[in-house]
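Protein chains: 2
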Amino acid sequence: MLELYKAIADCDSNQRNMVATVIDGEALGQKALFSDEMLICETKESGYFSGHAETIWNMASDKDQCRKGLITLDGRRIYCDWLGQEIHLVICGAGHVSIPVIQIGLMMGCEVTVLEDRPQFADNARRAGATTVICEPFEQGLSQVEGGSNTYFVIVTRGHRYDQTCLDLIARKNHAYIGMIGSRARVAKVKETALLNGCDKAVLDQLYSPIGLNINAETPVEIGVAIMAEIIEVKNRKMRSSGYSKDILHAILKPEEKSGRKVLVTIVARKGSAPRDVGTKMLVTPEGRCIGTIGGGCMESEVLQIAFQMLHSEREKSRLFHVDMTGADAEEEGMVCGGVIDVLLEVI
Amino acid sequence: MLELYKAIADCDSNQRNMVATVIDGEALGQKALFSDEMLICETKESGYFSGHAETIWNMASDKDQCRKGLITLDGRRIYCDWLGQEIHLVICGAGHVSIPVIQIGLMMGCEVTVLEDRPQFADNARRAGATTVICEPFEQGLSQVEGGSNTYFVIVTRGHRYDQTCLDLIARKNHAYIGMIGSRARVAKVKETALLNGCDKAVLDQLYSPIGLNINAETPVEIGVAIMAEIIEVKNRKMRSSGYSKDILHAILKPEEKSGRKVLVTIVARKGSAPRDVGTKMLVTPEGRCIGTIGGGCMESEVLQIAFQMLHSEREKSRLFHVDMTGADAEEEGMVCGGVIDVLLEVI
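Top to bottom, those sequences are chains A and B. Numbering-wise, full-length UniProt numbering puts 200 at position 200 of the first sequence, and it's gapless, one number per residue. Numbering-wise, full-length UniProt numbering puts 162 at position 162 of the second sequence, and it's gapless, one number per residue.
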């Protein structure tokens, strides 16, 4: 089982990665990791997936067959969890707008890389908590940034000639988003030059500029909120992915805790309104510590109790639990929503 | 002069407050504070405003006559600065969504009050840095919150019966914004009950719910960003106000610094694109410390040099400085924008 989570932690975020879990019948809890159509690893007891790898991959990739992450194969429901949640935010420039973007990015759990050639400003980015700060001319800095399908580039340098350098290089990298600050007129000029410099027109047409949602943002913090709101919007427009947070994987895999059993809780189905969506995960330790949340409130407490029962039972390894938040009871208990969710609990 | 800033710091944020400053001619730098049509205080040397108080108030209040904060009276240009920038954010509930709202609110310089009846959750709000946390049942908590034209209410409690309590009370308070979390169906029910409980229909029709801009936010932090983006959008839709930040007023008024001269820099006019808008302020101390920013870059350095000259001159108290960011020089210096701004520098 741990091997599988190790494979999940190690998988290449530039590939398409998916974890499939059987959520009913005898095979309840059987799991496999797929990367770019290939079956990489499955839970030992299983063997189930190797016979159906291609079928499962194809069904999971098809929006019509895979609704909200669920497919049905031979009467079994399989929850297909597309990985790739972690955003890599690459910010060119560490001026006034950059700082709130760094801060909100970190709140969201992004990896944040900042490029800035002025040492003082680079220090501001470090103080704001950026994961990596590269204090070199933008050209050299960007040669160290790889890009990828989860990389979001924010160009907020102090002047358009630096923006030009950055855009020319970034447009050639794999990316999920490129946003650039500046007035319409200046942005048009930079784009025009980028085209002459050989950048792909299709990429330039996709440039988010003026950067950020139009909320009449004025101060640097307001512009930072507008930029991050736009990035969230772009991210969530794609095939909904949830995956495993770094914190959860770390808690599962760190050596000192390997011996302690834990329960991984995943929302695998949702009807109506619920605080969190399918794919949301929470890890419960025997001491009652929770990493992540499936929505809080009484619903979460109820799930926690089951998790504790499972931690103290030797037999039960997986359970699918149905939470109904529609009735009068839920109302009385002050639950927030009116939906129904299925929660998968797995002892690890 | 300090008296005027003291009056600005003390003025009632439930009234409409405006600072008028003459920005050219012999009266350059003459200033007055108005509250609800009344002239409250003017710079001693002046006497100018008392003769024209009503006219100036009326012109400043008229969107056609007061464009971007400027009016012209007898050939003099007067910059009219509407106060009321500081947002009071009142958050009901200290659960998962509340925390990022608190954090981003603090980044924006808001005063943040959190109401929560569960001590553990109230502690989370304290740790997140909330200005005030009231740990009492919502009914009692809200009786201690006054409301006002700059108060933004965010209702994100753990259940709809608490939301109901909060909405019933908040709808009766003066406010700039009320947002409430929850599914459409549940929100409709809470609104219906609020109407039966005697709340004003017009207020309920203005309720922002589902709360937050629609960016498909999923995680608590994403929902927090969506909520703050909505609040910024609502705030900036109103008559643009800028005013004086607490930090700037504090630095002007704190006793230990009273003796030291400082320069207040204000953007009073803008054409074309510039990093910051009219009303943006920066205070420069003799040691070269800046509180606030008028946009950074070379333009700001140039303004700083003039501020230092003025600090060392006994004669010059005010100067209007014109910054042109359109030319080839600006391009060469890497300035971000292509606009023209007028900056007022005042020795205090």
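Some hints here could point you the wrong way.
Identical copies carry no separate label here, and so any pair may be met within one copy or between two of them.
Dumping the calculated DSBU-like pairs for lysine-lysine here, alpha-carbon to alpha-carbon at most 30 Å [stated by the list, open to error]:
(1) Lys271 to Lys191
(2) Lys173 to Lys271
(3) Lys63 to Lys191
(4) Lys63 to Lys262
(5) Lys254 to Lys173
(6) Lys246 to Lys63
(7) Lys271 to Lys254
(8) Lys6 to Lys201
(9) Lys68 to Lys201
(10) Lys189 to Lys68
(11) Lys63 to Lys254
(12) Lys317 to Lys246
(13) Lys6 to Lys191
(14) Lys317 to Lys271
(15) Lys68 to Lys271
(16) Lys189 to Lys271
(17) Lys262 to Lys189
(18) Lys246 to Lys68
(19) Lys63 to Lys189
(20) Lys254 to Lys201
(21) Lys317 to Lys191
(22) Lys317 to Lys201
(23) Lys189 to Lys6
Just so you know, these hints were derived from the structure itself, not from any lab. None of the values given here were measured: they were computed from a predicted structure.
Problem set entry | In rising order, the numbers of the hints this structure does not comply with | 2, 3, 4, 5, 7, 8, 9, 11, 13, 17, 19, 20, 21, 22, 23
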